[in-house]
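These protein sequence lines map, in sequence, to chains A and B. So in our numbering the end of the first sequence lands on 1705, straight run, no missing numbers. So in our numbering the end of the second sequence lands on 833, straight run, no missing numbers.
Hint data in this document are derived by calculation from the structure and do not stem from the laboratory. What you are looking at is a predicted structure, and each value in this text was computed from that prediction instead of being measured. Among these hints, one or two may not hold up.
[Claimed, not checked] Derived DSSO-like pairs: lysine-lysine, alpha-carbon spacing no greater than 30 Å straight-line: (1) K685(B) x K130(B); (2) K429(B) x K268(B); (3) K1510(A) x K429(B); (4) K329(B) x K1477(A); (5) K392(B) x K365(B); (6) K474(B) x K268(B); (7) K429(B) x K392(B); (8) K1510(A) x K1552(A); (9) K329(B) x K429(B); (10) K405(B) x K1477(A); (11) K130(B) x K1510(A); (12) K525(B) x K474(B); (13) K392(B) x K405(B); (14) K329(B) x K1510(A); (15) K130(B) x K268(B).
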Amino acid sequence: MKFGIVTFPGSNCDYDAFHAVTEILGEEATYIWHKDHDLQGSDVIILPGGFSYGDYLRAGAIARFSPIMQEVVAHAKSGGPVLGICNGFQIACEAGLLPGALMRNSHLQFVSAEVRIRVENAETLFTNLYERGELLRIPVAHGDGRFVATPEVLDQLEGDGRVIFKYADADGNLSADANPNGSERNIAGIISESGNVLGLMPHPERACSALLGSSDGVRLLESILSRVAA
Amino acid sequence: MSEVTPRVGDPVITPALVAEHGLTKAEYERLVAMLGRTPTFTELGVVSALWSEHCSYKHSRPVLKTLPTTAPYVLQGPGENAGVISIGDGLAVAFKIESHNHPSAVEPYQGAATGVGGILRDVFTMGARPIAMLNSLRFGTLDDSRVRYLFSGVVKGIGDYGNCVGIPTVAGEIVFDPAYENNPLVNAMCVGLMHEEDLIRAKAEGVGNPIMAVGARTGRDGIHGASFASEDLSEASDAKRPRIQVGDPFTEKLLLEASLELIKSGHIVAIQDMGAAGLTSSSAEMAERGAVGVTIDVTKVPTRESGMTPYEILLSESQERMLVVAKKGHEDDVRAILNKWDLTAAVIGEVIAEPVYRVTEGSKVVAEFPGSRLVTDCPTYSPDARESSDIIELRSTDPNAIAPRAEEKDHVWTLERLLSSPTIASRAWAYRQYDSTVRTNTVVGPGGDAAVLRVRGTNKAIAVKTDCNGRYVYLEPRVGGRIAVAEAARNVACTGARPLAITNCLNFGNPTRPEVFYQFKEAVAGMGEACRALGTPVTGGNVSLYNESPAGAVYPTPVIGMIGLVDDISRITPATFQHDGDAILLLGEMGDELGGSEYLATIHGKVIGAPPRCDPAREKIVVDALLSAIEAGVVSSAHDCSDGGLAVALAECCIANRECESGAEIDLSGYSSLTDRGILFGETQGRIVLSSSAPERVLAIAKAAGVPCAQIGRVRRHSESLDITLPKSAVRNPLSVLRRAYHSTIPAIMSRTVEHANFDELSPVAAH
């Protein structure tokens, strides 16, 4: 399976995603330049983390106009898997692939830490190798990660099982202390209505090696593999 | 030589103008003699920048020459943008530390951010991809609201810049002391990794090769930043805010990628950051290294605004710019790479055979200097050095004569105070604002003894740390200089890494004052002794003098940035206790030296006594014994014993890692010749707290190495206290007390006033 990783000017987790796919999954990966119009036959698109266009104007707001986004949106509309991580989540929201928005963290500081997220739905393209309720240890590193949406949208997301990950404490409680950025309802990651676009603020590609602290992110990538391959 | 006449509209050269440019009368006369005529305004500006302390090292160079700089694995020593050492497997590490003290004192956010940007460029211009950032910071005490403003601004500046470029910030130190009240120190270090064959130097070569300006355009910001950094801070410093550069990390990220692509492409022969003194220093230094002439036409330099004079273009310190010597005929290839990254590249001059440094404005010559004399003619000074009698007196004061405070009857009280000293307490408040895990190589991040980064494609890892206890250097500069190196070596070794080499950032006061120059000479001598004994040469660094405010000089603070190599990643060792029942051992001598300690400063408000003794040869043996034990696989954890002494080191082993806390039982009752408080809080050097499930093997290794080592207790994973039995008393420290003191102090102080709205966001407009 081929993963296409989009490099926007200012992307800085493209390299990490590339290595997670090639070294950990042992799958093919390619970098896709944002000025191109060719997904190079990729089966899965990763919108990586970083500071596309320096986060100027608003995180993800300029990147959504990059030429390659036309193809990325078309790929998503036709059911192709898209994984938006951190800045990639912000870009996916700006591009209308996912509802809601990511705002400045409630404490107004950048937050870099290992957090825990609880798997809320283990039936998706991206989470089928996890158990529902399972806690994952995973790094976050962002200044604009506070997920917000209207109460109606939040209710609908929850009702449809489209909230995939929530920040939780070591006992699995959705406490305010466990929420690193003030996200509504501790939401860390959501999925599109058709289930093929996942956006999340934590970095699964940074949780792919026990040496670095956690390998809990590996099964997210493997889930895609098992489902798409099948 | 060309005819050079004053430019219409430029000021007339007067003694007052010369003085304003920071040149002494003798230096000005030297300049006139070199030129054989009165300099133009442009030439005066160029010389004032290049002969500033910051660029010329005129007071420090003779002393720095005494430092050891060689080892078989040193590929590039001092004199380049960064030092480079080989780590085997065809790989090399480039690294350097640099100060941005003066800008940060006036404008903390931009000062710190551009410090990070500058040091990143120094490393990637060597052909290395940056893999880690470190920061060594000094501030006044956090009781002061301006200090809190400086601290939070600097931290945000470091974070915003490094996070955006996508280089993890993994280690460093932060010290709070009244000595830094009006003159904070902001030293940034960058570490990069490269293939040896990609090493490129900033040496202009090849007559006829074009000189190109690449990256951001040149604006009017930061003019005379180098000269500003070469004078004491004063009430008037605030007015020099326009001399402070403005950073744009987004452009830096693009420039990083473009530069590495450029170096790989083979289209260029040399590349250098336009850092301090901008275009002037980068072009003059590249010409000097290559022993060639250069000519530059300022009208070809891409500028942000029209009407900039040659003087302004030459001295601008606009950020995110590089000077490149391309291969003739490859100009379009260079442009294509820069354009891909939405950056500009323009031919602004060429390498010439005539031995001259020439600047033109169109066809008119506005500055011209013979050969490389612009760089080489700068005078060096060896001012008087004499120790201050006040410091001699402080040092000879006996710390043991200070009576304990009544509260100290309860050692828990004292330990709690020390753990909540901002210099010892957890710095998580700061480093949670730094992305420490991007690029997925960080094995040990902030909070450990040293940070450790794996080297992909090998079984190796690199350990990095900065260190310096300025209080020790203040009380006895030679000993303090030794300790700075030795502590950095111990920290790196605690993770399982062999110390290899250092970079240094020497922060001192005004060198024309004999007592300051004495500190400088002695501290460098002490560093040299320790570097020789430990086998860690100096590969470069930076000197920052004139760190003085009206209140006086900062503590002499020679910060050491150490690089170590882990040969086997499976041997990477954590700092904190791991396993229930492990034996706790002290490697090194038990001691009770309280001179210059954090205990005296925090509990008694005194900076007195002789700092702890430091024998570099002993330090080397301790480091070797520690590494032997780690390589033998018998060490569960290793932590350096430093600020706050053994009690603080033990407490940190228990509670520093919130995911893995332990209690411990410690028995020190046998050391009856020592005082209880000296045992707990003395800062005797050359000591490591280890835990091990095979203590007899650690003891045997230590014995064979000739290092004292004693089993002093056991790890109790399920205990909620750190119990210590002393010769004359016993203390039961509840972990809940230690935890709160250590983890909550800085957040509690900073929550009082965090004035986020005061920091200017980096401006997108400045980008292109």
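The hints, checked one at a time:
Between K685(B) and K130(B) the CA atoms are separated by roughly 23 Å; this keeps the pair inside 30 Å, and the hint holds. Proximity of K429(B) to K268(B) is assessed by CA-CA distance (about 27 Å); at most 30 Å being required, the pair is judged to hold. Distance restraint check for K1510(A) and K429(B): the Cα-Cα separation of roughly 42 Å exceeds the 30 Å cut-off, and the hinted pair is therefore not satisfied. For a cut-off of 30 Å, the pair hint linking K329(B) to K1477(A) stands: about 27 Å separates their Cα positions.
Between K392(B) and K365(B) the CA atoms are separated by roughly 18 Å; this keeps the pair inside 30 Å, and the hint holds. Distance restraint check for K474(B) and K268(B): the Cα-Cα separation of roughly 64 Å exceeds the 30 Å cut-off, and the hinted pair is therefore not satisfied. For the given pair, K429(B) sits about 26 Å from K392(B) by alpha-carbon distance, which is consistent with the 30 Å threshold. Pair hint K1510(A) plus K1552(A) holds up; C-alpha atoms about 20 Å apart against a cutoff of 30 Å.
The suggested pairing of K329(B) with K429(B) is violated, with an alpha-carbon distance near 37 Å, which exceeds 30 Å. Our distance criterion of 30 Å between C-alpha atoms is met by K405(B) and K1477(A), whose separation comes to about 25 Å. Restraint check for K130(B) and K1510(A): the C-alpha separation of about 51 Å exceeds 30 Å, so the hint is violated. With a CA separation close to 48 Å, the supplied pair K525(B) and K474(B) exceeds the 30 Å bound.
Proposed proximity of K392(B) and K405(B) is supported: the alpha carbons are some 19 Å apart, at most 30 Å. Restraint check for K329(B) and K1510(A): satisfied, since their Cα atoms lie roughly 22 Å apart, inside the 30 Å limit. A hinted pair counts as satisfied when its Cα atoms are at most 30 Å apart, and K130(B) with K268(B) qualifies at roughly 21 Å.
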